[in-house]
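*Asks:* Residue-level listing of the chains:
Protein chains: 2
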Amino acid sequence: MYIHQVAAYLPAHIVTNEHFTRLNGLSHDWIIERTGIRERRKAAVGENTNTMAIEATQRALAAAPEFIHGLDLIVGATYTPYDTIFTVAHAVQHALDVADIPVVSISSACSSLLNAIEIVEGYFAMGKASRAVVVVSEHNTAYNNEEDTIAGHLWGDGAATLLISKERLAETDLRMVDLITGGAATVGKANTAVTLKPVERGLVMPHGRDVFTHACQHMARVTSQLLERNQLGVEDVTYLIPHQANLRITRNVLESLGLPTERAVSNIQDLGNTGCAGAAIALADTREQLTPGNKVVITVFGGGYSYGAMLLER
Amino acid sequence: MYIHQVAAYLPAHIVTNEHFTRLNGLSHDWIIERTGIRERRKAAVGENTNTMAIEATQRALAAAPEFIHGLDLIVGATYTPYDTIFTVAHAVQHALDVADIPVVSISSACSSLLNAIEIVEGYFAMGKASRAVVVVSEHNTAYNNEEDTIAGHLWGDGAATLLISKERLAETDLRMVDLITGGAATVGKANTAVTLKPVERGLVMPHGRDVFTHACQHMARVTSQLLERNQLGVEDVTYLIPHQANLRITRNVLESLGLPTERAVSNIQDLGNTGCAGAAIALADTREQLTPGNKVVITVFGGGYSYGAMLLER
Numbered sequence: 001m002y003i004h005q006v007a008a009y010l011p012a013h014i015v016t017n018e019h020f021t022r023l024n025g026l027s028h029d030w031i032i033e034r035t036g037i038r039e040r041r042k043a044a045v046g047e048n049t050n051t052m053a054i055e056a057t058q059r060a061l062a063a064a065p066e067f068i069h070g071l072d073l074i075v076g077a078t079y080t081p082y083d084t085i086f087t088v089a090h091a092v093q094h095a096l097d098v099a100d101i102p103v104v105s106i107s108s109a110c111s112s113l114l115n116a117i118e119i120v121e122g123y124f125a126m127g128k129a130s131r132a133v134v135v136v137s138e139h140n141t142a143y144n145n146e147e148d149t150i151a152g153h154l155w156g157d158g159a160a161t162l163l164i165s166k167e168r169l170a171e172t173d174l175r176m177v178d179l180i181t182g183g184a185a186t187v188g189k190a191n192t193a194v195t196l197k198p199v200e201r202g203l204v205m206p207h208g209r210d211v212f213t214h215a216c217q218h219m220a221r222v223t224s225q226l227l228e229r230n231q232l233g234v235e236d237v238t239y240l241i242p243h244q245a246n247l248r249i250t251r252n253v254l255e256s257l258g259l260p261t262e263r264a265v266s267n268i269q270d271l272g273n274t275g276c277a278g279a280a281i282a283l284a285d286t287r288e289q290l291t292p293g294n295k296v297v298i299t300v301f302g303g304g305y306s307y308g309a310m311l312l313e314r
Numbered sequence: 001m002y003i004h005q006v007a008a009y010l011p012a013h014i015v016t017n018e019h020f021t022r023l024n025g026l027s028h029d030w031i032i033e034r035t036g037i038r039e040r041r042k043a044a045v046g047e048n049t050n051t052m053a054i055e056a057t058q059r060a061l062a063a064a065p066e067f068i069h070g071l072d073l074i075v076g077a078t079y080t081p082y083d084t085i086f087t088v089a090h091a092v093q094h095a096l097d098v099a100d101i102p103v104v105s106i107s108s109a110c111s112s113l114l115n116a117i118e119i120v121e122g123y124f125a126m127g128k129a130s131r132a133v134v135v136v137s138e139h140n141t142a143y144n145n146e147e148d149t150i151a152g153h154l155w156g157d158g159a160a161t162l163l164i165s166k167e168r169l170a171e172t173d174l175r176m177v178d179l180i181t182g183g184a185a186t187v188g189k190a191n192t193a194v195t196l197k198p199v200e201r202g203l204v205m206p207h208g209r210d211v212f213t214h215a216c217q218h219m220a221r222v223t224s225q226l227l228e229r230n231q232l233g234v235e236d237v238t239y240l241i242p243h244q245a246n247l248r249i250t251r252n253v254l255e256s257l258g259l260p261t262e263r264a265v266s267n268i269q270d271l272g273n274t275g276c277a278g279a280a281i282a283l284a285d286t287r288e289q290l291t292p293g294n295k296v297v298i299t300v301f302g303g304g305y306s307y308g309a310m311l312l313e314r
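These protein sequence lines are chains A and B, in that order. Counting from 1, one number per residue, gives the positions in the first sequence under my numbering. Counting from 1, one number per residue, gives the positions in the second sequence under my numbering.
Simulated from the structure, these hints should not be mistaken for lab results. As the structure is a computational prediction, the values presented were derived from the model and not from experiment. Misleading hints may appear alongside valid ones.
When chains are identical, the list treats them as one kind, so a pair holds in a single copy or across two.
Claimed, not checked - Once the Cα atoms are required to be at most 25 Å apart in a straight line, the calculated DSS-like pairs of lysine-lysine come out as: (1) K295 <-> K166; (2) K295 <-> K128; (3) K166 <-> K128; (4) K166 <-> K189; (5) K295 <-> K197; (6) K166 <-> K197.
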């Protein structure tokens, strides 16, 4: 299978660290040192997970207008749903007006991007689909309490859409070489470390250290496993795109793998943690720099916990 | 693929129609006439989507304790999440303590059961799994406003777990012969008719008539399509298990298909609309009555909209 196109949507409004200094007394330098985050985006009134997903999808389709002919699957992903019934995937189906195709939304928190792509891989393997939209969208600010001094400053909003086809459609398509996902709800404080209980309305991270430790370990481990089973070394990786949770996590993963800083793609500085959209947004920004033979590894870690790694080749 | 075991969990507390007579002035007869619902279950304090899913899964595994060896996939489904990060599937992984297997939760509202099984079908087709837990769990009362005179009396809580394997494990296993799912977000008032926006905390159904019409049409149509492509007639269907939304919808679907009342399985009378768990709970209750050669069709319709049909053979 091939990633034919990737596009992102980011809300226009920028929230700087100074906002959290005024609100909670957290200094710009303190936030930078602990997270790498300089600013993040916030959805406007009237924007939500569904509208951002539609925007990202329309951008992807504007760059590849012929893709919609034969579109036969939509998989949405979010842990910050606007509507769990008219889900993010249904909102995209509604906007695209493509009837009678499988449509489903998922969550494995910040690692959903790879679960969504693996579900597409399954539909392709069954022969039940051959051209899919995967859309990842997070409206963290709808559930985040920005007065939370522990994690309120971490989150940003954004969305991205991948157009994925069974057959190669263009020379610039990225071939999906291999993909691993795994739930890790059995380790550490997976059940309490980071949670979003909608009835209590809260996105909270009471055990950030546990998340940090397991994110570092799991992303490094699954990336090594992915490379090993494809007989590749880290030197073969043109770009590593880790889940955009925290710049210190990214640096730790790079160090464990023995990769230099410049090989990692990071948007956390400008976007904060955009959940399952973060790595896809980074892929959208990276794609055009790739040349034939280049390899990209996307590795993710989500609350709950979950992890994954995917190998792409231009 | 084969359904090896099915088990349900229902909270003990029963809410009768008299509760809604006292609260909203809706009479028992009026509710019965319009919905068929006599009573429904309500989760206790401390129970939620995740705890009910774990209970149902433990019951399924108690009936088939060897199934856990080789378990390699968990798919959860709910539109009434307790936690969108430590999702219902992650809670089950945590409880079962099975590490490093794909774990994901989904929603296509009341039709998620069939989307979840189709995702399992995909993992089996890829060779990435061969033994799966599918767990459907709804905590409608956490999101429902019972003072809503339009739809507050419809909803109930409950969960069910299916143990699904690629190969037949026992003579009593149900073979999954065929499965169709589809999003129908493009028809009618799909985007507004029934919604659950967690931030607004509401499960509401402002356009019940639109839901009714499309539920009847889609469930009848997809069931006909499923039977036709398997060269079966309605006379070959031992039991039809429709989504348990409303007894009038069930009767309408039966009439469209030309099936007598006794061929439909209904639990709506005792459980109300238990969302994506309803048809699975009905399957748990029906399974032991089946004899070799019997065929069961499960057909679903969900808000947003979505539909599906699955053919099982004993």
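*Asks:* Could you run down the list of hints and mark each one as holding or not?
*Replies:* We went through each hint and held it up to the structure:
no., hint, result
1, K295 <-> K166, "within (19 Å within a copy, 34 Å between copies)"
2, K295 <-> K128, "between (28 Å within a copy, 23 Å between copies)"
3, K166 <-> K128, "both (11 Å within a copy, 18 Å between copies)"
4, K166 <-> K189, "neither (38 Å within a copy, 33 Å between copies)"
5, K295 <-> K197, "neither (38 Å within a copy, 40 Å between copies)"
6, K166 <-> K197, "neither (36 Å within a copy, 34 Å between copies)"
When held up to the earlier numbered hints, the structure conflicts with 4, 5, 6 and fits the remainder.
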